[in-house]
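Place chain B on chain A using the hints.
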Amino acid sequence: MITMNQKHKQRLAIVLLIVVGIGSAVALAIAAFSENMLYFFSPTQIMAGEAPTTRLIRVGGMVSKGSVQRAPDSLKIKFDVTDYAHTISVQYTGILPDLFREEQGIVAIGWMQEDGSFIADEVLAKHDENYMPPEVSAALKAAESSDN
Amino acid sequence: MWAFLHKFSSPKYFYFLSGRLIPWFAWSCLAVMLVGLYYGLFEAPPDYQQGESYRIMFVHVPAAWMSMFIYMVMAVAGGIGLIWHIKLAEIMAASSAPIGASFTFLALVTGALWGKPMWGTWWVWDARLTAELILLFLYLGVIALNSAIEDKRTAARASGVLALVGVVNIPIIHYSVEWWNTLHQGASVTKLDAPSIHISMLIPLLLMAVAFKLYYATVVLMRARCEVLDRERNSSWVQDLISAK
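Line order of the protein sequences matches chains A and B. Position 37 of the first sequence, counted from 1, bears residue number 114 in my numbering, the numbering being contiguous throughout. Position 27 of the second sequence, counted from 1, bears residue number 38 in my numbering, the numbering being contiguous throughout.
Next comes chain A alone, as it looks inside the complex (with noise of 0.2 Å):
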């Protein structure tokens, strides 16, 4: 029976306590514990120095455009990240994923140099939310080269 007596509002405050108080509970250890839930570190974060150099960190940004060298004789590579503010160098010997490529956007997992460098265990490619075919990127490419 579908009616609204008093039992039913108690109920219905309950429910609505139990929904609002997580809720509320989470969103305030979320908030505490947002700088630990970052998947990874952007270069700028890491020139202000809050990454740590004493343990496993994430690197995440843009392949810098023609940064990029690979050794003739080894799988070894070296190429900047950035994120148009700061760029960092990053080292790294292994196979790399379909999706590396110059300003594509990719997480390098490693540990942070003296130096400034940073030295990648694994280097993981992020993409985009955007989906197009490929006429329609050249489209804009010259779109936007035509405009500069």
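Errors might be hidden in some of the hints.
As the list claims (entries may be wrong) - Calculated pairs, DSS-like style, for lysine-lysine (alpha carbon to alpha carbon, straight line, at most 30 Å): (1) 256(B) with 127(B); (2) 153(A) with 127(B); (3) 202(B) with 98(B); (4) 155(A) with 218(A); (5) 18(B) with 224(B); (6) 155(A) with 127(B); (7) 163(B) with 86(A); (8) 23(B) with 224(B); (9) 86(A) with 142(A); (10) 86(A) with 202(B); (11) 256(B) with 163(B); (12) 98(B) with 86(A); (13) 142(A) with 153(A); (14) 202(B) with 18(B); (15) 98(B) with 84(A); (16) 224(B) with 202(B); (17) 86(A) with 23(B); (18) 142(A) with 163(B); (19) 163(B) with 224(B); (20) 256(B) with 84(A); (21) 84(A) with 18(B); (22) 224(B) with 218(A); (23) 23(B) with 163(B); (24) 218(A) with 127(B); (25) 98(B) with 256(B); (26) 224(B) with 98(B); (27) 127(B) with 202(B); (28) 23(B) with 127(B); (29) 18(B) with 98(B); (30) 84(A) with 23(B); (31) 256(B) with 23(B).
None of these hints come from the bench; they were simulated from the model.
Frame of chain A; chain B shown alone:
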């Protein structure tokens, strides 16, 4: 309005109405899904960056949407069951949980298959992925509570409270990609400005989302019908149904 709801919430009326609705949902699900898959797999162009691999999106994204949508349906039905003790709401909540768990599992598996070639890893503990995994555990908790408690009304009350507690996870899943630096990219479709997905890819994606919704409607009604028969097995209308056959 109340009279209609009251009528609909009677198990007997629900049983006969849902029996008539199920074929409609099932056939339209099949039709929309076939069209969606055809457009997604054959008509939509490859992506400018991800090539053909992005096509797993046509299963992954609707599955992830459904995992959250079904959870909200389950929690609201659980809440209605808690407040008004409506049997049908409890049945809908209990019937939704396994379907929601399946969609969550599907979203996690297709995400891993997509992540390996694109990101370079099957799994990372970033906020979006972890929150979706917690959603799977919440579903499993609701299923476990429902099957562990013998008395159906008590089971519905316990699992209803768990479902309501878990509601907090839904906005976390949705906004995780905005609140934190995650490996998972941001929203392409469910954002306020224009979707950042080309129309030729958006249409099959939305078709698949509709098909998944219709699939859920079909399966949840089928499950709920079985549950209704089980719970009402001693009532006169079920006895009449059996003796008529």
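Tested hints:
For the proposed pair residue 256(B) and residue 127(B), the alpha carbon gap of about 54 Å is over 30 Å, so the pair is violated. Proximity of residue 153(A) to residue 127(B) is assessed by CA-CA distance (about 21 Å); at most 30 Å being required, the pair is judged to hold. Annotation: proposed proximity of residue 202(B) to residue 98(B) is violated, straight-line Cα distance about 37 Å (limit 30 Å). Proximity of residue 155(A) to residue 218(A) is assessed by CA-CA distance (about 27 Å); at most 30 Å being required, the pair is judged to hold.
Taking the CA atoms of residue 18(B) and residue 224(B), the gap is near 25 Å; set against the 30 Å cutoff, the hint holds. Distance restraint check for residue 155(A) and residue 127(B): the Cα-Cα separation of roughly 23 Å lies within the 30 Å cut-off, and the hinted pair is therefore satisfied. Straight-line distance between C-alpha atoms of residue 163(B) and residue 86(A) comes to about 23 Å, which keeps the hinted pair within the 30 Å bound. The straight-line distance between the Cα atoms of residue 23(B) and residue 224(B) is roughly 25 Å, inside the 30 Å bound, and the hint therefore holds.
A threshold of 30 Å between alpha carbons decides the hint, and for residue 86(A) with residue 142(A) the separation of about 62 Å lies outside it, so the pair is violated. A threshold of 30 Å between alpha carbons decides the hint, and for residue 86(A) with residue 202(B) the separation of about 35 Å lies outside it, so the pair is violated. A threshold of 30 Å between alpha carbons decides the hint, and for residue 256(B) with residue 163(B) the separation of about 28 Å falls inside it, so the pair holds. About 18 Å separates the Cα atoms of residue 98(B) and residue 86(A), which keeps this hinted pair within 30 Å; it holds.
Restraint check: the Cα-Cα separation between residue 142(A) and residue 153(A) comes to about 18 Å, which is no more than 30 Å; the hinted pair holds. For the given pair, residue 202(B) sits about 38 Å from residue 18(B) by alpha-carbon distance, which is inconsistent with the 30 Å threshold. For a cut-off of 30 Å, the pair hint linking residue 98(B) to residue 84(A) stands: about 17 Å separates their Cα positions. With a C-alpha separation of about 20 Å, the suggested pairing of residue 224(B) with residue 202(B) holds against the 30 Å cut-off.
Simply put, residue 86(A) and residue 23(B) have alpha-carbon atoms about 27 Å apart, close enough for the 30 Å limit, and the pair holds. Of the pairs offered as hints, the one joining residue 142(A) and residue 163(B) is violated, with about 63 Å between alpha carbons and a cut-off of 30 Å exceeded. For the hint linking residue 163(B) to residue 224(B), the alpha-carbon distance of about 27 Å falls within 30 Å, and the restraint holds. Restraint check for residue 256(B) and residue 84(A): not satisfied, since their Cα atoms lie roughly 42 Å apart, outside the 30 Å limit.
The straight-line distance between the Cα atoms of residue 84(A) and residue 18(B) is roughly 22 Å, inside the 30 Å bound, and the hint therefore holds. Of the pairs offered as hints, the one joining residue 224(B) and residue 218(A) is violated, with about 37 Å between alpha carbons and a cut-off of 30 Å exceeded. Only pairs whose Cα atoms come within 30 Å are accepted, and residue 23(B) paired with residue 163(B) is accepted, the gap being roughly 18 Å. Simply put, residue 218(A) and residue 127(B) have alpha-carbon atoms about 28 Å apart, close enough for the 30 Å limit, and the pair holds.
Restraint check for residue 98(B) and residue 256(B): the C-alpha separation of about 26 Å stays at or below 30 Å, so the hint holds. Distance check on the hinted pair: residue 224(B) and residue 98(B) sit about 23 Å apart at the alpha-carbon level, within 30 Å; holds. The straight-line distance between the Cα atoms of residue 127(B) and residue 202(B) is roughly 26 Å, inside the 30 Å bound, and the hint therefore holds. Restraint check for residue 23(B) and residue 127(B): the C-alpha separation of about 49 Å exceeds 30 Å, so the hint is violated.
The hinted pair formed by residue 18(B) and residue 98(B) meets the criterion: a straight-line CA distance of about 13 Å does not exceed 30 Å. Our distance criterion of 30 Å between C-alpha atoms is met by residue 84(A) and residue 23(B), whose separation comes to about 26 Å. Proposed proximity of residue 256(B) and residue 23(B) is supported: the alpha carbons are some 17 Å apart, at most 30 Å.
Checked against the numbered hints above, the structure violates hints 1, 3, 9, 10, 14, 18, 20, 22 and 28; every other hint is satisfied.
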